[in-house]
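> From first to last, the protein sequence lines stand for chains F and X. If you count by the numbering used here, then the first sequence holds residues 1 to 224, one letter each, in order. If you count by the numbering used here, then the second sequence holds residues 1 to 207, one letter each, in order.
Derived from the structure by calculation, the hints contain no laboratory data. Each hint should be verified, as a subset may be incorrect.
[What the hints assert, rightly or not] Calculated lysine-lysine pairs in the PhoX-like style (CA-CA distance at most 20 Å, straight line):
no.: 1; chain 1: X; residue 1: 117; chain 2: F; residue 2: 52
no.: 2; chain 1: F; residue 1: 53; chain 2: X; residue 2: 159
no.: 3; chain 1: X; residue 1: 159; chain 2: X; residue 2: 199
no.: 4; chain 1: F; residue 1: 104; chain 2: X; residue 2: 5
no.: 5; chain 1: F; residue 1: 53; chain 2: X; residue 2: 117
no.: 6; chain 1: F; residue 1: 52; chain 2: X; residue 2: 113
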Amino acid sequence: MAEELKLFRTWSSPFALRVIHALKIKGLEYETIFEDLSSKSASLLQYNPVNKKVPVLVHNEKPVCESLVILEYIDETWKQCPLLPRDPYEKAEARFWAKFGDEKLLSSIWNVLITQGKQLEEATAEAVQNLKLIEEQLKDKKFFGGETIGYLDIAFGWTVNLISILEEIIDQKLVDEEKLPLLSAWMQNFSDDPVIKDCWPPRDKMIAKYQAMREPYLKKVVSQ
Amino acid sequence: MEEIKLLGAWPSPYSYRIIWALKLKGLNYEYIEEDLSNKSDMLLQHNPVHKKIPVLIHDGRSIAESTVILEYIEETWPQNPLLPSDSHEKAIARFWMKFVEDKEQEKAVEEAKQQLKIVEEHGLGDKKFFCGNNIGLTDIAFGWMAVWNDVIEETVGVKIMEANDFPRLHAWVKNFKEHPVLKDNLPDRNEMLAYYMHKRDILLART
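In isolation and in its complexed conformation, chain F is listed as follows (with noise of 0.2 Å):
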C-alpha cells in the first residue's frame, strides 16, 4: 500500500519544522496542509479534536500530534537515517536535553522577545545561561548526534531560527561567537546541511510576526 503522510502546520511554526526536518533527513514524501490558527480546518479539529494544534502528522489516516511525539514515531516506523541513539542511556539523555529546550530554554527566550531595559539584561543572562548547558552536550561532536543530524538537533533546531530572528529585532547578540563557539559553529553546520538550508520560512515575515508579537510587551512597559 502507498504511505500517504500529511503534514497540518503553520508557515512559521518552529514546532513543524522539526517534523519536516525529519521527514526530509528520512527522504520522505508528504502533503502539507496550511493551517490559519485563527479559523481552524474541519480536518485539523477531526484529527486532533483534544488539543486542535499543529503540527499534526497523518499517515495514512492515523493521526500523531506533539511534535517530539511525532519525531519518535518518524524514527520508529522509518527506519533509515535513525535519529534516536540506540543505547537507552544515551536516549534518556537525549529527551532529557529534548524537554529542558522546550521547557526552560524556550520560556527564557520568550522572556528576551518581550523585555527591555534591566529586565532584558536579566532575560538575557538567564537564555545564555541555559544556552551553555545545551552547549555543553555538544562535547566534541559536529551535531548533537554526532557525526549527522539527531534527534537532538532536531528538536533545538527552532533555536537555530528564532534565535537569529530575535538577535535582529532586539539588536542584540545572544549566542556570542566567544562565550558560545560550540554553539555558534553547531548553529551554522545545522543551518548549512543540505537537508535544512531549503525549509526556514520567509525570514521578512518572520522578522514582522514577532516584532508584532513583541509590540504590545513593549507598551505596556510605557504607559506605567
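Since the structure of chain F is already known, use the hints to place chain X on it.
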C-alpha cells in the same frame, strides 16, 4: 549485578510514577527519601540541572525527569511491557503522557472539568486502562489523578471529579488502585491528607 537507586520524596506523585514502573517490572531497587527543604549532595550531584526528584541511578548513571525515566525503564527492562508495541498506539500513549504534564497546572474549576471530560472521552474512552486491558506508562503518568486528586479535593473543599460526571474516570481510578502490584504501593491516604492540610494551613497563615 545491576544496581538501581531511586531518589524520591514520599508525597510526590512524580516519585511514585517511578516506584510503580519499577514494581510493575519486578525490579529491586534502593529507595532514598529526599528532604526537599534540605537537598542532599547526592541529589545535587545527580540532577545538577533541575535539582529535583525523582532521579533514577542505574549502575552509577543518573536519569532525571519522570517521563524520561519511565521510557528508560521500559526500554532497559522489556518484561511486562508498559507501552504498546504498535508505533501508532505508542504515539497515542505518549501524547497523553505529554497532555497530563501540560495540564497539571489547571487551577480554575471549570477548566479542570473540561480537561477531565477530554481525558475521559478521548483518552480513556471505553478502555479499562489508557492503552487497553493492561496498565501502562500513560496510566502511571495519570496516577496522580487516581491517588492524589481526592486528597487535594478534600483539602481544598472543592469536588471536581464527581462520579456522576466522570463515570469512566472513576472506574479507572478503582481499577488503578486495585491493581495487584500497585495496591501495595500507594501512599497512605491519612498521611497524605495530614501533609496537604498542614501545607494549606501554612499557606493560609501567610496570607
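> Now tell me, hint by hint, if it's right for this structure.
Outcome of the hint check:
About 15 Å separates the Cα atoms of residue 117(X) and residue 52(F), which keeps this hinted pair within 20 Å; it holds. A threshold of 20 Å between alpha carbons decides the hint, and for residue 53(F) with residue 159(X) the separation of about 30 Å lies outside it, so the pair is violated. At most 20 Å may separate the alpha-carbon atoms for a hinted pair to count; residue 159(X) and residue 199(X) meet this at roughly 19 Å. Between residue 104(F) and residue 5(X) the alpha-carbon distance is near 27 Å, which puts this suggested pair outside the 20 Å criterion.
Distance restraint check for residue 53(F) and residue 117(X): the Cα-Cα separation of roughly 18 Å lies within the 20 Å cut-off, and the hinted pair is therefore satisfied. The suggested pairing of residue 52(F) with residue 113(X) holds, with an alpha-carbon distance near 18 Å, which does not exceed 20 Å.
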